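**Q** One letter stands for each residue in the lines below.
2 protein chains.
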Amino acid sequence: MSGSSAIARTPEPPYYAVIFTSLRTEGDNGYGEMSDRMATLVAQQPGFLGMESARDGVGITVCYWKDLASIENWRKVEDHELAQRFGREKWYSHFAARIAKVERAYGFEKAASAK
Amino acid sequence: MSGSSAIARTPEPPYYAVIFTSLRTEGDNGYGEMSDRMATLVAQQPGFLGMESARDGVGITVCYWKDLASIENWRKVEDHELAQRFGREKWYSHFAARIAKVERAYGFEKAASAK
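Chains as they are written, first to last, in my numbering: chain A, 41 to 155; chain B, 41 to 155.
None of these hints come from the bench; they were simulated from the model.
Quick caveat, the model's predicted, so the values are computed rather than measured.
Do not take every clue at face value.
As the list makes no split between identical chains, a pair holds if one copy fits it or if it spans any two.
[Claimed, not checked] Okay, derived cross-link-like pairs now, BS3-like style, lysine-lysine, Cα gap no bigger than 30 Å in a straight line: (1) 106 to 141; (2) 150 to 116; (3) 130 to 150; (4) 116 to 130; (5) 116 to 141.
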């Protein structure tokens with residue numbers, strides 16, 4: 041998926057992460073358009089907490105969710121099911137999806153004035 | 041961190057993931073060299089299961105570990121502590137680190153002959 045170049049603002053743990061790592065096949069084959077649609081659609085789902093995404097050879101998309109039920113509901117959304125099917129048929133030569141419970145989180149952000 | 045463009049071959053869950061998401065400051069400032077050293081060093085740690093990494097504006101590195109003790113040991117490795125300090129001082133304008141227990145995983149890989 042394409043994503044905004046941003047770090048997700050997630051609440052205090054616990055919550056869930058779906059780590060989706062992929063290698064693409066050659067050519068676009070409708071991937072770009074579907075990827076943008078999915079990014080819009082996922083953000084509208086109940087329980088969605090944020091998404092981070094980067095591609096650099098390997099693509100990594102991490103979506104954060106309130107709970108497992110929210111992940112399961114998103115998996116069954118009709119347009120998303122289609123995207124999952126096309127993913128296997130056309131877009132990915134290899135992928136791994138991992139569902140994980142975030143137990144601890146910390147971060148750091150420089151003040152805007154600091155360089 | 042720079043990483044190989046590959047999807048980690050992890051065992052059956054449960055295991056742990058450390059999801060490190062970051063935005064870089066301007067300039068290299070020794071980051072590239074340290075990043076390569078860390079990628080080599082982390083792979084030698086007890087309990088290390090694999091790493092996936094991509095940068096595309098936002099950088100996402102996911103390291104997989106056998107258990108929480110392995111993560112804690114890696115956090116305290118001297119050279120890694122130095123890298124963590126430089127990360128805050130020089131390399132990152134913003135980062136988030138999330139420690140998560142992988143509960144479920146699935147994947148897909150096209151046969152080499154299939155296109």
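**Q** Check residue 116 against residue 141 for me: Cα-Cα at most 30 Å, and say if that holds within a copy, between copies, both or neither.
**A** both (20 Å within a copy, 23 Å between copies)
**Q** At 30 Å max between alpha carbons, let me know whether residue 150 reaches residue 116 within a copy, between copies, both or neither.
**A** between (39 Å within a copy, 23 Å between copies)
**Q** Classify it for me, residue 116 with residue 130: is the Cα-Cα distance of at most 30 Å met within a copy, between copies, both or neither?
**A** within (20 Å within a copy, 43 Å between copies)
**Q** Please work out whether the CA atoms of residue 106 and residue 141 approach to 30 Å or closer within one copy, between two copies, in both situations, or in neither?
**A** For residue 106 and residue 141, both the intra-copy (10 Å) and inter-copy (15 Å) Cα distances are at most 30 Å.
**Q** With identical chains, the pair residue 130 and residue 150 could be close in the same copy or across copies; at 30 Å between alpha carbons, which is it: within, between, both, or neither?
**A** Between copies, since 10 Å is at most 30 Å while 41 Å is not.
Violated hints are absent here; each numbered hint is respected by the structure.
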